[in-house]
Amino acid sequence: NAGVTQTPKFQVLKTGQSMTLQCAQDMNHEYMSWYRQDPGMGLRLIHYSVGAGITDQGEVPNGYNVSRSTTEDFPLRLLSAAPSQTSVYFCASSPRRLSYEQYFGPGTRLTVT
Amino acid sequence: EDKVVQSPLSLVVHEGDTVTLNCSYEVTNFRSLLWYKQEKKAPTFLFMLTSSGIEKKSGRLSSILDKKELFSILNITATQTGDSAVYLCAADDRGSTLGRLYFGRGTQLTVWP
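Sequence order for the protein chains is A and B. By this note's numbering, the letter at position 75 of the first sequence is numbered 75, and the numbering carries on one by one without gaps. By this note's numbering, the letter at position 64 of the second sequence is numbered 64, and the numbering carries on one by one without gaps.
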């Protein structure tokens, strides 16, 4: 049981490039979410999903897309990277509603130059 | 404006000291308050509090919620160097059926030997 896995661990992008951060969980959780964490800040919700085929926006969705074709996977796409997207990204899953105990992945540290 | 405010932002103590971390919140439809510990990687769940006045305890850590005054405290007794981490609290807003977690900026606790 791997829990929540994220790839890559580190990534450097140039402004304007696109990429996908991968997230997978093997706990059969319906709820998954993406957060970003900036220095001195708490976690801010980007997008979330309550099941395969259902996604919605969180607090800071601009510049990001998500899809949920399976229960296990919830990738986050950066359409055209900007320096303001430099951050640490965490994927999380939970067995019940979003705000129940969440299981976090190890994070992806993204730098946009 | 932050919906969840933690204090202090940073705290340095010596092993054996007792610390109290504070978390105040202001969400419209409060459901629960969660505490997480983050040690340079993904946050790990500590407590979820839903009822006022009922202390939750795990080893040297304990937490209590005051729904009238809209705050929670996390106590750590006989601190150890392994307690050094960022402690995050999050308020669950049940404004939507899915719930929404609003995180504070965290308290950076450093425990010196």
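Please note that the accuracy of each hint is not assured.
Below, in silico cross-link-like pairs of lysine-lysine (DSSO-like), each with a Cα-Cα straight-line distance of 30 Å or less [to be verified]: (1) B/57 <-> A/9; (2) A/14 <-> B/57; (3) B/40 <-> A/14; (4) B/41 <-> A/14; (5) B/56 <-> A/9; (6) B/57 <-> B/40.
No wet-lab data here; the hints were simulated from the structure.
These are the hints, each one checked on the structure:
no. : hint          : result
1   : B/57 <-> A/9  : 34 Å, violated
2   : A/14 <-> B/57 : 47 Å, violated
3   : B/40 <-> A/14 : 25 Å, holds
4   : B/41 <-> A/14 : 25 Å, holds
5   : B/56 <-> A/9  : 34 Å, violated
6   : B/57 <-> B/40 : 24 Å, holds
The structure is inconsistent with the numbered hints 1, 2, 5, although it conforms to all the rest.
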